[in-house]
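Enquirer: Residue numbers (our numbering), protein chains in the order written: chain W, 485 to 1189; chain Z, 485 to 1189.
By construction, these hints were calculated from the structure, which means they are not laboratory data.
Hints may be right or wrong, so weigh each one.
As the list claims (entries may be wrong) - Derived CB-CB ranges, DEER-like:
no.: 1; chain 1: W; residue 1: LYS1061; chain 2: Z; residue 2: SER950; range: 53 to 63 Å
no.: 2; chain 1: W; residue 1: GLU1123; chain 2: Z; residue 2: LYS538; range: 24 to 34 Å
no.: 3; chain 1: W; residue 1: ARG1034; chain 2: Z; residue 2: GLY1046; range: 40 to 50 Å
no.: 4; chain 1: Z; residue 1: ASN1126; chain 2: W; residue 2: THR1045; range: 32 to 42 Å
We put the CB at the ideal spot given by N, CA and C, even for glycine.
Read off the chains here:
Number of protein chains: 2
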Amino acid sequence: MDYLYLLIIVLIAGIISIILALYFARMVLKEDPGNEKMVEVSGYIAEGAKTFVKVQYKVLAIFVLVLSAALLFLPSMVDQNLRLIPGALNWEQMVAYIVGSAASMGAGYLGMEVGVKANTRAAQACTKGLKKGFDVSFFGGAVMGLAVVGAALIGISVIYWVLPDPNVILGFSFGASSVALFAKCGGGIYTKTADVGADLVGKAEYDLPEDDPRNPASIADNVGDNVGDIAGMGSDLFDSYVASILAAMLLAAILSSFFAGTGENRQAFIILPILLSGMGLFASLVSIFYIKKKKTEDPGKSLNNGTYMATGIFIVFAGLISLIVSLIVKGDELLVWKVYACTIAGLASGILIGFIGNYYTNDEKKPTRKVAEAAQEGHAVVILSGFSYGLISVAPPAIGIAVAMAVAYWLAGVYGVAMAAVGMLSIVGTIVTNDAYGPICDNARGIAEQGDLGEEVIRTADKLDSAGNTAKAITKGFAIGAANLTVLALLFSFSQEVQAEAPALAYVMDLQNVSVLIGAFIGVIVPAIFAALLTLSVQRNAGKMVREIRRQFEENPKILTGDEAADFNKCIAIATKGALKELIFPSILSILTPLVIGMLFGAAALGAFLAGSILSGFVFAIFMSNAGGSWDNAKKYIEDGNLGGKGTETHKAAITGDTVGDPFKDTAGPSINTLLVVMSLTATIFLGFILLFGGGMGLLGEFLL
Amino acid sequence: MDYLYLLIIVLIAGIISIILALYFARMVLKEDPGNEKMVEVSGYIAEGAKTFVKVQYKVLAIFVLVLSAALLFLPSMVDQNLRLIPGALNWEQMVAYIVGSAASMGAGYLGMEVGVKANTRAAQACTKGLKKGFDVSFFGGAVMGLAVVGAALIGISVIYWVLPDPNVILGFSFGASSVALFAKCGGGIYTKTADVGADLVGKAEYDLPEDDPRNPASIADNVGDNVGDIAGMGSDLFDSYVASILAAMLLAAILSSFFAGTGENRQAFIILPILLSGMGLFASLVSIFYIKKKKTEDPGKSLNNGTYMATGIFIVFAGLISLIVSLIVKGDELLVWKVYACTIAGLASGILIGFIGNYYTNDEKKPTRKVAEAAQEGHAVVILSGFSYGLISVAPPAIGIAVAMAVAYWLAGVYGVAMAAVGMLSIVGTIVTNDAYGPICDNARGIAEQGDLGEEVIRTADKLDSAGNTAKAITKGFAIGAANLTVLALLFSFSQEVQAEAPALAYVMDLQNVSVLIGAFIGVIVPAIFAALLTLSVQRNAGKMVREIRRQFEENPKILTGDEAADFNKCIAIATKGALKELIFPSILSILTPLVIGMLFGAAALGAFLAGSILSGFVFAIFMSNAGGSWDNAKKYIEDGNLGGKGTETHKAAITGDTVGDPFKDTAGPSINTLLVVMSLTATIFLGFILLFGGGMGLLGEFLL
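For reference, chain W alone in the conformation it holds in the complex (with noise of 0.2 Å):
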C-alpha cells in the first residue's frame, strides 16, 4: 500500500498557508501607512533593508553556486568497499539543495518585504487604539510564519512525492541550511552593528532617546530589526524545521528493524514526521485565527495564550493522524503512539525550555533582579552577575533536553528521538509569527516617535513592543531547544549512515579512541570560537559605526538640534559592507571544520566532533542568550524607575551590561543553532566523500589506534 497520498493533507496544508501569507500580506499593506515622515522613514528602512539583503543575496548566490558544484561530484563517489566512483553524478541532491536555498531565501524575502512595511502601518493603527496596531503587527509577523512552514512543507512533500528517497530531502535541507547561516550570521552582525553603535554614541555620549531620528544610525538599527530578527530568525527555524523533519526520516528509511509489521510500514513511517508537521501547521492556523477573533487587552499574554493553544491543538490533530497511520500499518500501532507520545514530550520540553528562559530573563523574577542590584556596585559587577547567571541558566534546559531524549529513546530509539525534535519544531509557524512580531513593533514604535504621533500613540507602540519582548523570552529558548534536539536526531541518522554506506568501518565513537577524543575536543571548542568571532565582528563593526555617528554629529552639529537630518546612507553602508565581509570566515569555517576532522581523523571522529559540537553549542548557545536578555531587561528594570531610574550610575552600568549582552543574544548565541546544523548536515551529506580517505579511518587515524 502506498502511503504517499497522505502527503495530499500537508501539501493541502502547506498551499493554505502560502494563500494564507499572501493574504495577510495584502491585508497588512491595505492599512494606511500614516503620514508622510512616516512613510519617508519607512521608505528608508525599506530600502536598507532590500539593499542588504539583495547584496547579501548575491554573495549567498555564488556561496550556493560552489557548494552546488560540490555537491554534484563530491557525496556519491565512493562504492561498498570504499573506493572511488569515477563519474557519478549527484544530480538529484544538487537540485533539492539549490530548491532548498530558493525556498529559504523565497520565504524570508517575503516576510521581511512585509515587514518593512508592516512596522509604518502598525504605528498609524497604534493611533486607533492598542487592538488595531497589535494586529497589524501580528499578521505582518504572521505572513513570515506562515511563509516558512507553507515553503518548507511544499517544498519537502513535493520533493518526496517525486522522488521518494530521503537523501533528496537531505539536499533541500542542506540548501535551507546554507541561507540560515548567512541571514542569520550576517542578520545578526548587521543588526548588532547598528544597534551597538547608535547606543554607545547616541545613548551614552549625548543622551538621546532610543530611536530618536537624529540618530544617524537610527534607520540603520532599525533595518537591523528586521534583516536580523525577522528574516534571519526565520531562516534559523525554517533551517531547524525542515531539519528536523529530514532527520527522521533519514532515519526511518536506514533503521534496520526498529518497526515489527511489513516493509511497507516502513514508508509509513518515513512520512509521518511530514504529517505530524502538517498537523502542527493546521495547529498554528488555528491560533492565529484565535488570535485575531479574540480582543486583546494584554498582547503578551495573547501571543503567548496562542502558544499554548497550537500546543494544545497540536496535540489534538497530531492524535488524530496518529489514529489513521495506526489504523494503516498492521503490527506496528503501538509504534505509531510511541512516537505520538515522543513528539507531546518534545513539545513539552520545548515550552519548559522557554518557561525556563523566561525565569532566567524575566525582571520579576529572582536572577534579572540580582543583576539589576548589582548594577548598583558598578559596571563589573553588573558584567559578573549576568555572566554567572547566564552559565546557571544552562543546567536546568539541558536537564529538559537530556529528559526529552531519553524519554524518547525509550520509547522509540533514535527515531523516538527524532520525532520528539519534529513535535518540538511542529508548531513553529506560531513561533516565527511570535518572533517577527517583535521587530515589526520594534520598529512601529520608532517610526510613531519619528512621525510626531504624540505621547499616547507611542506609549500603545510601546506596549505592544515589550508584548514582543515576553513572547520573545519564551520563543527564543524554544528555538534552541528544538535546533539542539534536532541536531541530536541528526547526529544518530548521521551514524546510521556511515554504518550503511560503510559496514567494514568499525564505528564506534568511543571516547577511548585517541581519534574520537580529539574529535570531540575540536567539535566542544568550535561553537566558543565561532561565537567569539561574531562578537568581535560586531564589536569590530560597531566600532566603525561609532567612529561615523561621532563624525557626523562632529561635522555637522545641525543634526544634533534637529535642523538637518543625519547622513543615514552612510551608516547603513558600513553595517551592509560590515555584515557582508565578516560572515565569510565563519560561514567557511562550519563547512570546513568538518570535512577537515573527518579526512584527518575519520568517520567516528566525525560524529564525535559532531557531539562535541552539539553540547557545547547548547552551552553557549543559552548562556549568551539567557544573560543576554537579563541584561537587557535588567536595565529595563532600572528605567523603570527602580533602584535610581534612568540617569543614575546604576543605570550606566546596566547600559553596559545591555551593550555586551546584545551581539550575546542576538548575533552569537542564535547563529550557533545554524553552525550546528550545518555542520550535521555538511558531515551526512559529504559522507561518501570522507570515507575515501583512509577507508573512513582518516589520513592520520589509522595511526592512533
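Please build the complex by placing chain Z on the supplied structure of chain W, with the hints as guidance.
Expert: Here is chain Z on its own, set in the frame of chain W:
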C-alpha cells in the same frame, strides 16, 4: 629483579628537596624584616593568613574525615560478578588518603608561612637593590616549590615501597585533591573578594592607589595573595603532579600487553613515572641554584631562563635515567625510549601552551593591545573584546594538547599519554617557585608603600612584581595544560580500571548510546556551572566587602585622612567567612556529580561525563585565565601612559575589564583544574561502589539501550 631500589634516588631527591626548603626558609627568615610599621603590617597579613588557613583546615578536616569513612567502606565492595562483598574494608587507601591530605596541607602551610614572612623581608631587601630583593622573594617562593615536590615524591615513593600497589597511591592522590579543592576554591574566593572589594571602593570611588594603607581591605587583599596564589596554587600543582604520576602508574599496572618483555618489566614501567619526576626535581634544583648564582638585571628574564634551564636539564637527566632503565628491561629497550620521547613531547607542549598564553595576555602583543584600544570605546566594548579574544585563545593550546596526546599515544598508547603529562609536570618545582614568587613581591610592594620606604624602593619592588606577572603568564597556561593532560590520562586509567574490574560489562563510551551522551552532556555543563558558582561567590562576597569599606569611610572620616587606622579585621573576617561558606557547595558538587552520574547511567556514561567535563573544562579554564590576564595587562598598559593614561574614561573602562577578569583568572579559571582532577579521582576510587548499581549500567542506563 626488584626495581624498587631505584626509588632510593627519588627518595633522596625528595629529602634533599625538603631539607633545601627548610634551609631556604631559614635563610629568608634571617633577613631584616624592616621597620616597625612594616613588621606590623606583615604581622597583620601573617595573622590573617593563619586565621584563614586554620579555619579552612578545620573544615577540611571534617571533609577529610567524612570522605575517609566513605573510602573505608565504599570502594571495594564488589566481587568480579559485581556483587556486594559484606565487610570488605579499604584500610590502605583510606590511610594513604589521610597521608596525602596531610602532606598537601603540610607543604601548603610551610610555603605560606614562609611567604607571609618573606614579604616584609623582600621589601626591606629592595632597599639594598634589585638583586637582593629578588633573592629574598625567589627563595621565599622556592620554599613552596620544593616543599610541594619533596612532599609529593617522598609520599609516593615511601607508600609504594611499603605497599607496592598503585591503587594505594590513588588514595594519596585523592587526599591531595581534596586539599587542593578547598585551598584553590577557598583561596581563590578569598583573594578576589578582597581584591575586587578593595578596588571597587578604594580605586574607583575614592581614587586611592593600589595597596593604600587607608583602604580597610588592603590587608585582606595581601592575605588573599598568600592564601590564594601561594597556598592555593601550590596545592593545585601538588594535586596535578601526584595525579599525573598516579595515572601512569595505574596504567602500567593494569594494561595487558603494552610491554613486550617479562612480567618484571611491568614493575619498571610502574615506577618509571616516579623516577622521571625525580629527575625533574633534580633539574629544578639545579635551575634554582643557577638563578641564585646569576646576577639579575631583568628579573622576569631570570625566572623564565630558570624554566628553560630546568627543561633542558630535565631532558638530559631523564635521558640518563631512561638509559639506566633501558639497560635493565630486556626486550623493552625501545619502549623506554618511546616513553622518554612522550615526556619530552609533553614538556614541549606545556611550554608552548605557556607561550601562547603569554601571546594572548602580553600587552606588547596584538590581542591585548586590541583589548586596550577597545577600552577607548567604553566599558561594554572592552568586555566584548576581552571575552572574544579569551575564547579564541582556547584554540591554539587545544591543538597543542591534541598534538601532544596524539604523538604520545602513537608512541606508547595511553601509557604514553600519561607519561606526557608526567613530563609536562616534571619541572613543577620550578613552576611553583616562580608562581609563589609573584605574591611575595606583590605583598612586598604593598609593605614598602605602607612602611614609607620611598619611591625608589617601591619602583624596585614594582619591577620585581611585574617580573612575577611575566612569569605567571607562562606558568598559568602551563598549569592548565598539565592538569588537562593529567585528567586525560586519568580518564584512560579509569576506563582500564572499569574493564579490569568488570570484564563482563560492555564498557564502550560510544556517543551513540543515549546514556553515554547524557553523561557527556552533563560533563560539558558542570565546569561552566562550577565556574559560574565561584564567580558569583566572589561577586557576592565582594559586595559585602564593598559595603563594609564604604561603612568605615563614612562612619570614620579620619580613616581617609590617614589619622586613624582602618578596621582591617572586619574585612579579613568577611573574606574568611565568605570564602569558607561559598566553597562548600562547589566542593560537594564535584564529589557528588560523578557518583550520581555513575549510579544512574553507569560506568560508560561516567567515563563520558569525565571526558565531557575535561574538554569543556579546558575551554573554560583557558578562556577565563587568558581573558582575565588580557584585561589585567590592558589596564596596566593604559596605566603606563598609553591611550591617554590614568584617570581617563579609557582607563576606567579598562578597570572594569580588569575587575571582571579578576575572578575569571584567579578564582574560577584555575579552580577548574582541581575540579577535573577531583572528579576523575572520585570516579576511579569509588568505582567499586558505582558498579553495584545496575551491574555497572546504572539504575536508568539499562532502559536506554
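Enquirer: Check the structure against each numbered hint from earlier and tell me which ones fail, lowest number first.
Expert: Violated hints: 1, 2; rest satisfied.
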